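> These are the residues of each chain, in order.
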Amino acid sequence: MDLSRRQVLFAAAATLGVGLLPDFAWAADPPTPAQPAAPARSLILLTMAGGMSHLDTLDPKPGRPVQGEIGTIPSVVDGVMLAATLPRLAQRLDRCALIRSLNSNQGAHEQGMYLARTAYTLRGTVRHPALGAYAAHLLPRLNPTLPPFVTIGGDSRHPGAGFLPAGCSPLPIGDAEAGLRHAAPSTGIAAERAQRRLALLGQLDAHGGAPEAASVRAYRELYAEAVKLMSSQDLAAFDLTQEAEALRTAYGDDPFGNGCLLARRLVERGVRTVEVGLGGWDTHDDNADRVRGRCAILDRTLPALLDDLAARGLLATTLVAVVTEFGRSPVINVRDGRDHHPACFSGLLAGAGIRGGVVHGASDEDGAKPLRDPVSLPDLQATLAHALGIDLQQVVQAPDGRPFTVADKGKPITSILL
Amino acid sequence: MRPLLLLMLCLVAWAGDSRPDPRLAAAELDALIVAELAAAGTPAQREVDEWTLLRRTWLDLAGRIPTVPEVRAWMADTAPDRPARLAERLIGSPAWNQALFCWLADLLRVQSRLQDRIPGQAWIDWLRQAVAANQPWDAFVRAQLTATGHAFSAAEQGATGFTLRDAGMPLDHAAVTAQTFLGTRIGCAQCHDHPYDRWTRREFTSFAAFSADARTEIGPGRDFKDLKAMVEAAEPPVRNAARVIGTLIGARIAPARKDWLAAPADWQYPDAKPGERIPAQALFAPVAPVANGDPRHRLAAWMTSPANERFALAIGNRVWKRVFGHGLIEPVDDIRFDPNEPLPALPARLARLVVEQGFDLQRIHLALVLTTHWRRATWHGEVPVAGGVVPGRPALRLSATAWWDSLVAICADQPDAASATDASPLFALHQQIREPAAVLEAAKRLAALRGGGGAAMKADPEMAAAAQIVRGQQRRRPNEGLVRAASLPQPAPVGHPLRILGQSDRELIDNASTQPTVTQALLLMNGLIDNEVLARQSRLRRDLEALREPAAQAEHLWLALLSRPPRADERDLAVAEIQARGRDGLFDLVWGLGNSSAFRLVR
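Protein chains in written order, with our numbering: chain A, 1 to 418; chain B, 1001 to 1603.
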């Protein structure tokens, strides 16, 4: 579309017999950055569900009444403070890019998280793909048997593949510690008999004779994926007991810690996108206590993940992102809580393709609104997609013919990209 | 002749009830449906065969497929009106109660453990009771909107669950209330005028002002002011247990007094100034009644008034989707009609059905399943994304609940057995504890159970029962086998087959999913069929082993899984498989049908 607009403009200029004046330029559209030379191979998306309080984590306001009881601490990056809830992360901020000017117009959880995951507004008429599904659809598969998109501990209604083929939908893992269950035929069922069963299933389905509904097709695709997965050489990825006890302790023996450790084992084997959820951020009451509780987990696991990825040389190829659906209000309510605040919040990126130790954007003195360089959730999505090497201009058609683009015309944040 | 027959039926069947015969509404709806399809140029599908209709009837109304004896009873019934009679018999049956509970629990976001350690069991009990008693929808909604007082003081207090579910979030609760009961999404307008719908921030605030002042409390309150010091002196396990007990005796809703909300500091429109009082006001006509006292009663009276067409349409449309597979309006909770304009004919008739049947969910369902439209054949074409009439029944994957409950019907001896758990141990505790020392005493008992094993539970069975409920677990009967989704913890724990199949996590309204995943395929190929359906105690396995003849086994198998006898070619295939491979062949047929698309779909 950009191209055709330029062509129109050039044609207009030629017809009018004038040159292109500087103020006639498309200054409003910053040039799309060139595709990264070495795109990230994988993305680990950490979704803080419920709306993470920016003031009490990544964007504290020392000395302001809105800050409440959680204090602030310096980080290893000169002049950048974090909330006192994240001391270990503060020691690793030189590897991370902070975004302090995120904003959204979606103040409800479902709509907010849908926008964060898909870059589109939740509508009744179409289900948009999550970024991980687009990556599965548009990028080459790195591991022939493991699914390209895995979600760990997510909610029950993830947008998943959206309108893309069922093969792009995430493999949901409910409990990382239990791993992938049912990946081998039941006890006593030899390989030969498992084959026989599949053949029989084919015969029984063929006998149905009914026209093939879309839902029938989708399941056939997924049964094929499941059979492929059962034969995978990489099923051991799902077995956390193969990790050293010390490392497991470092990640934390809780669903999020185990989930992040599993995420590392999966990206190590070529899974493109792994999403790990950490809920409980909806701190309408006892905000300080509850945020401390969440951060005790986040500040143990995220640093452990970054250290582990770095030690294995995977941080250069893996992009790690911390996202949430909205922030929380500067005003502390009568229940010592903070309410939803989509007008301003924070996110964090680290690893492949990301400039460390930088802060993009800033919020005003109370963290109520972005002060400069506002970033939308589609912009954030565009940044992640761009870092993965996805072409943001490419049009993907839904089955009904409607055109969509990854990140819905969001603009990558060039200042934090390498 | 037909109208006359209809009239006679009305007189016989519904004498003594002032509500019109649901058949009349069914006929009128059919006429409107046919007109709508004709206008769209997509003729209605023919009527479906009776085998498909049998399975559809059970899945839609009982939430599961029929058992083999239930299919055989149908085969033995030769009366021409057997489909209608089956529908009438299933509506209100124990099987129906289980299915309706799950449907409502998804809508209301019912959880065994609500936030802040509040147990959900009292709400679950209340909901079960409301379903079993067929409480009219308007009364059901009013009770929950106006619930006041302690959650665990008596069984009828379970209605507090709806508000306690959103404890501490009065504005979100207002948005949830509108979405749940009015099918209207106003949540966006909490912070700014709705970008795609009509609602302004002022309208949202006025609506929330009815209920925002009804404070949810989760601590034991003023009478227990010495408790804090006593608890702080105790050991950590007792301290934690004291919080649990404190919630049990403390969780409550205080009546609302204010019927206004102050405009927040970030108000950005000229229609109010920050701090200005915005009075409670209904979202649309009719106006809310004026009365003193708790303004939630005015809200409930307005919302559930027979004159409030949106309220009737919202539940009517939900039932429509449940029965026809696709809402007249989609998503079902995003109704966008201008509330000041008359509704189009079909939605208007649907709303009128709800009101004329006295908000009776059973009779609303009955009217819809008595339409010819409900008996139409499967539709494989497109469905209107924003809702509307589909020419036939869209072929849909079974919901997670129906899928699981159908497996229960295959495996269990009594698939519709009611849950063995209720909240009475919590009510007993609430009665006993009147002072801080008693809280501490109970906390010590609760803490003693932790790590005490079976002996500790035997020594204090009352507290053990309470502790089980607090943890969100369900009591199991000896040798109970599989139980339906309604009798499991709400929702089932992560990793349970129900969750893998897409059961709602109950975090959001109607949050169940029918998306296919690899995990589901693995579960069905390598777990569920072998471990449950073919388990030694499974009813299907016992029945199959009691039958000796391969042909009889084949017939039983098809009746049990697909609710119809096998066709000749299917029977030949099955008999050959059993003759060639014996029990392995038989069991592999079970596996094959359990994994087949015919089992997975409701047509």
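Calculated from the structure, these hints are not laboratory results. You may find that some hints are simply not true.
[To be verified] Listed next, the in silico DMTMM-like pairs over lysine to aspartate or glutamate satisfying Cα-Cα at most 20 Å (straight line):
1) B:Lys1228 to A:Asp286
2) B:Lys1458 to B:Glu1435
3) B:Lys1228 to A:Asp373
4) B:Lys1321 to B:Asp1030
5) B:Lys1258 to B:Asp1193
6) B:Lys1321 to B:Asp1266
7) A:Lys409 to A:Asp366
8) B:Lys1258 to B:Glu1217
9) B:Lys1228 to B:Glu1382
10) A:Lys369 to B:Asp1030
11) B:Lys1444 to B:Glu1232
12) B:Lys1225 to B:Asp1030
13) B:Lys1444 to B:Asp1460
14) A:Lys369 to B:Asp1266
15) B:Lys1228 to A:Asp289
[Claimed, not checked] Listing some non-contacts, in silico: residues in chain B with all C-beta distances to chain A over 10 Å:
16) Gly1187
17) Ser1504
18) Arg1600
Quantities reported herein were computed from a predicted structural model and do not represent experimental measurements. We put the CB at the ideal spot given by N, CA and C, even for glycine.
> A separate judgement is required for each hint: does it hold in the structure or not?
The hints, checked one at a time:
1. B:Lys1228 to A:Asp286: 17 Å, holds
2. B:Lys1458 to B:Glu1435: 26 Å, violated
3. B:Lys1228 to A:Asp373: 48 Å, violated
4. B:Lys1321 to B:Asp1030: The hint holds at about 16 Å.
5. B:Lys1258 to B:Asp1193: Measuring from Cα to Cα gives roughly 24 Å; hence the hint is violated.
6. B:Lys1321 to B:Asp1266: 40 Å, violated
7. A:Lys409 to A:Asp366: 30 Å, violated
8. B:Lys1258 to B:Glu1217: The given pair, whose Cα atoms are some 17 Å apart, holds under the 20 Å limit.
9. B:Lys1228 to B:Glu1382: 62 Å, violated
10. A:Lys369 to B:Asp1030: Distance ~54 Å between Lys369 (chain A) and Asp1030 (chain B) Cα, so the pair is violated.
11. B:Lys1444 to B:Glu1232: Holds: Lys1444 (chain B) and Glu1232 (chain B) sit about 13 Å apart, inside 20 Å.
12. B:Lys1225 to B:Asp1030: Between Lys1225 (chain B) and Asp1030 (chain B) the Cα gap is close to 63 Å, so the pair fails against 20 Å, i.e. violated.
13. B:Lys1444 to B:Asp1460: 12 Å, holds
14. A:Lys369 to B:Asp1266: 11 Å, holds
15. B:Lys1228 to A:Asp289: Holds, because 17 Å separates the two Cα atoms, which is no more than 20 Å.
16. Gly1187: 4 Å, violated
17. Ser1504: 5 Å, violated
18. Arg1600: 7 Å, violated
Checked against the numbered hints above, the structure breaks hints 2, 3, 5, 6, 7, 9, 10, 12, 16, 17 and 18 and satisfies the rest.
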